[in-house]
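S.K.: This is what each chain is made of:
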Amino acid sequence: MTNEEIRDFIKQAIDENRVMLFMKGTPEQPACGFSMRTSAALNALGVRYAALDILPDPRIREELSGLSNWPTIPQLFVDGELVGGCDIVTEMYESGELAERVGVEQPAEAPEPPTADAPQTAPLGIDNRLS
Amino acid sequence: MPSASELKERIEAALPGAEANVEDLTGGGDHFRAEIVSDRFAGLSRIEQHRLVYDVFGGEIGGPIHALSLRTTIPEGQA
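Line order of the protein sequences matches chains Z and X.
Residue numbers for the first sequence follow the working numbering, so the first one is 46 and each next one is one higher.
Residue numbers for the second sequence follow the working numbering, so the first one is 1378 and each next one is one higher.
Read the hints as simulated data drawn from the structure, not as lab findings.
Treat the hints with care, since some could be wrong.
[Stated by the list, open to error] So the derived label-pair ranges between C-beta atoms look like this:
no., chain 1, residue 1, chain 2, residue 2, range
1, Z, Arg63, X, Ser1422, 37 to 47 angstroms
2, Z, Asp60, X, Leu1421, 31 to 41 angstroms
3, Z, Glu139, X, Gly1394, 26 to 36 angstroms
4, Z, Asn114, X, Asn1398, 17 to 27 angstroms
5, Z, Glu61, X, Ser1380, 25 to 35 angstroms
These figures come from a predicted structure and were not determined experimentally.
Here a beta-carbon is modelled for each residue, glycine too, at the ideal position from N, C-alpha and C.
This is chain Z alone, in the form it adopts within the complex (with noise of 0.2 angstroms):
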């Protein structure tokens, strides 16, 4: 695969996903808690969302960072546009901000998405080899 094909095939998923989370690992195995506190959040929102996983070519990342000017993972769009990374979208979590920008219900009784500051199961050699 050429690099702008990785770069047409982001777009083309940012383009047709509406809630759209680029993610290390996958929802169902997140490979970093950031990214599991990312796609937890939308779980919890009971939000359909399309997840792509960045890790199996380091060339994703780049090529979605340079589209994004964002540069770390996970990074979340809703309807194309950048929302943003765990920090924000915690946040927005949080406010019922994000429930409002997907367009559902905040749940009455929203679990608490998991809140390790420090991602604890990191597999930082994966991470390492991509940086």
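Start from chain Z and add chain X according to the hints.
M.R.: Below, chain X without anything else, positioned relative to chain Z:
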């Protein structure tokens, strides 16, 4: 390896008047959390506020600085 105090100095130098509290989350010099109060954030979206801070470190984010968790706020009365 960057230290919490080095990150604090660099943020405060790049955003004059800002007050930054930086914590090294793991003690390993690669996962940091910064709480920053600056009037430079007024009128900016959260994305733009965080970009201002990320731009201080450029390519170091995701490199030597594996993670920099941010909380940005505007001083009271200037929102």
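S.K.: If you check each hint against the structure, which ones fail?
M.R.: 1, 2, 5
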